[in-house]
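If you're matching them up, the sequences are chains G and B in order.
Just so we're aligned, residue 1 is where the first sequence starts under full-length UniProt numbering, counting upward by one.
Just so we're aligned, residue 1 is where the second sequence starts under full-length UniProt numbering, counting upward by one.
Note that these hints are calculated values from the structure, not bench results.
Computed from a predicted structure; not experimentally measured.
Backbone N, C-alpha and C define an ideal beta-carbon position, used for all residues, glycine too.
Hints are supplied without guarantee of correctness; some may be wrong.
[To be verified] Here are the computed distance ranges between Cβ atoms for each label pair:
(1) 29/G - 6/B: 56 to 64 Å
(2) 209/G - 64/B: 55 to 63 Å
(3) 54/B - 29/G: 45 to 53 Å
[Stated by the list, open to error] One-sided and incomplete, this derived list gives chain B residues near chain G with beta-carbon spacing under 10 Å:
(4) 81
(5) 100
(6) 187
[To be verified] Here are a few chain B residues that sit away from chain G, every Cβ distance over 12 Å (derived from the structure):
(7) 55
(8) 128
(9) 200
(10) 202
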Amino acid sequence: MNFNIDYGFMLQILPRILKTLHITLGLATMAMILGLIIATILALIGVFKIKVLHPLSKVYISFFRGTPLLAQLFLLYFGIPRVLPIFAGMNAYTAALIGLSLHSAAYMSETIRGAVISIDKGQMEACLSVGMSKLQGMRRVVLPQAFRIVVPPLVNSFISLIKESSLAFTLGVAEMLAQAKMSAASTYQFFESYLVVLLVYWAIAIVVGILQDKLEAKLNQAY
Amino acid sequence: MLFIKNLYKSFGNLEVLKGVNLTVNKGEVVVIIGPSGSGKSTLLRSINYLEIPQSGSISIDGIILDAENPNSSTINALRKSTAMVFQSYNLFKNRTVLENITESLIIVQKKSTNEANEIAEALLHTVGLIEKKHQYPSSLSGGQQQRVAIARSMAVNPKLILFDEPTSALDPELVGEVLNVIRKLAYEKMTMLIVTHEMGFAKDVADRVIFMDDGVFIEEGTPKEIFTSPQNERTKKFLHQVLDKI
Numbered sequence: 001m002n003f004n005i006d007y008g009f010m011l012q013i014l015p016r017i018l019k020t021l022h023i024t025l026g027l028a029t030m031a032m033i034l035g036l037i038i039a040t041i042l043a044l045i046g047v048f049k050i051k052v053l054h055p056l057s058k059v060y061i062s063f064f065r066g067t068p069l070l071a072q073l074f075l076l077y078f079g080i081p082r083v084l085p086i087f088a089g090m091n092a093y094t095a096a097l098i099g100l101s102l103h104s105a106a107y108m109s110e111t112i113r114g115a116v117i118s119i120d121k122g123q124m125e126a127c128l129s130v131g132m133s134k135l136q137g138m139r140r141v142v143l144p145q146a147f148r149i150v151v152p153p154l155v156n157s158f159i160s161l162i163k164e165s166s167l168a169f170t171l172g173v174a175e176m177l178a179q180a181k182m183s184a185a186s187t188y189q190f191f192e193s194y195l196v197v198l199l200v201y202w203a204i205a206i207v208v209g210i211l212q213d214k215l216e217a218k219l220n221q222a223y
Numbered sequence: 001m002l003f004i005k006n007l008y009k010s011f012g013n014l015e016v017l018k019g020v021n022l023t024v025n026k027g028e029v030v031v032i033i034g035p036s037g038s039g040k041s042t043l044l045r046s047i048n049y050l051e052i053p054q055s056g057s058i059s060i061d062g063i064i065l066d067a068e069n070p071n072s073s074t075i076n077a078l079r080k081s082t083a084m085v086f087q088s089y090n091l092f093k094n095r096t097v098l099e100n101i102t103e104s105l106i107i108v109q110k111k112s113t114n115e116a117n118e119i120a121e122a123l124l125h126t127v128g129l130i131e132k133k134h135q136y137p138s139s140l141s142g143g144q145q146q147r148v149a150i151a152r153s154m155a156v157n158p159k160l161i162l163f164d165e166p167t168s169a170l171d172p173e174l175v176g177e178v179l180n181v182i183r184k185l186a187y188e189k190m191t192m193l194i195v196t197h198e199m200g201f202a203k204d205v206a207d208r209v210i211f212m213d214d215g216v217f218i219e220e221g222t223p224k225e226i227f228t229s230p231q232n233e234r235t236k237k238f239l240h241q242v243l244d245k246i
């Protein structure tokens, strides 16, 4: 067995991989923001059981949770433009962003819905009893309390998104994994190339975890 | 001031209110007593439309809600002219003591932050908790939380305050401080409708006591009439059971 690790090579390709870090982080962050907006809307549709939209949102969540992300991305990028020509000009990055957002929204909406319904119903009743509307009560009292509960699972979703953004390389987006694959293919140093990119992903997850601890400490002040 | 006519409410097959009629005059303190499950809390919550009655009407100072034909502006007007004090306080957990009171002043009554703070501080003086104004509810005792909740209900500037078993969740030694605050409101001629199991307090503070059982009013009268010479057998039995415990 040949187990000589070429540390010099690893250090040499690290800057090249880090050069694409902004694509990975940009994709994950944008998908997180878009996903959160869609997820919040879906969650509120679920909480209030809004007519017509509620069954539709359930189908949406079921589909995006029940099918592989990679296949969703392929359908979106290679399939959809064939049937809907307005999407013909869509580039790989946009397709990946849309796919990741729609996918993560399905998971996050369930997280948010669960957090909202876990807030004591007396909180909303108190809002109504002082004359606030349901929407005001939601926005000013219930959602801020649900936010605190939802931070740990949402950070999980964000870390998942960072990792899942690597699937964008299959559509041809030059993100971190694509860069590592190129280094591997051109030098045959597969082990070092993929190890470096994994360590970078791991480091990002650790940093995100530290930021999570700080945010949680701040949100827990009232409790 | 408050007129309830023939109010009816059921949860599925269970009839909870079977045609309740009630009039409360301005400045009057009415206490409703009765066994658990008799519909007392449901009646109170219907007045604030937290429970949805099926038929009958509720009117407060000219705002008339027909249960069979409710519209959202009437519901809103009804809620703005009443305030509710809950058994489990229900203070906004994400807001400080002061913010719990200013919330409705700023959001519903559209007052400026300064004006809202002044009103809230005056109310906190009334309930004796001004030194806690920057704390969060979780750091307060049950009695203190309920006193803040009373201050919050007064900030609505309601025509009527509804108390739904305000001391039932409290440790015995904290009941007194809450009852004293309610007593103070009674002296100031605040119109109040109170559901309670504190018979001594009811005797003391009520202008009128109503005994309710099985979704209807069985008997009503002055505290003296109800507590010393109840006419109805069910009232006698209930008082016997409750007062015997003490």
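Structure-based check of all given hints:
Checked against the hint of 56 to 64 Å, the pair residue 29/G and residue 6/B passes, with Cβ atoms roughly 59 Å apart. Range check, residue 209/G to residue 64/B: Cβ separation about 58 Å, and the 55 to 63 Å hint holds. Separation of residue 54/B from residue 29/G is about 51 Å and conforms to the stated range, judged on CB atoms against 45 to 53 Å. Because the closest C-beta pair between residue 81/B and chain G is about 9 Å apart, less than 10 Å, the hint holds.
A least Cβ separation of about 9 Å between residue 100/B and chain G falls short of the 10 Å threshold, and the interface hint therefore holds. For the restraint placing residue 187/B at the interface with chain G, the shortest Cβ-Cβ distance is roughly 24 Å, beyond the 10 Å limit, so the hint is violated. Every beta carbon of chain G lies more than 12 Å from that of residue 55/B, the smallest distance being close to 22 Å; the non-interface claim holds. For residue 128/B, the condition that its CB be more than 12 Å from all CB atoms of chain G holds, with the nearest at approximately 21 Å.
Remark: the non-interface label on residue 200/B is consistent with the geometry, its nearest Cβ contact in chain G lying 27 Å away (cut-off 12 Å). Annotated as non-interface, residue 202/B keeps its C-beta farther than 12 Å from every C-beta of chain G; the closest such distance is 23 Å.
Violated hints amount to a single one, hint 6; each of the other numbered hints is respected by the structure.
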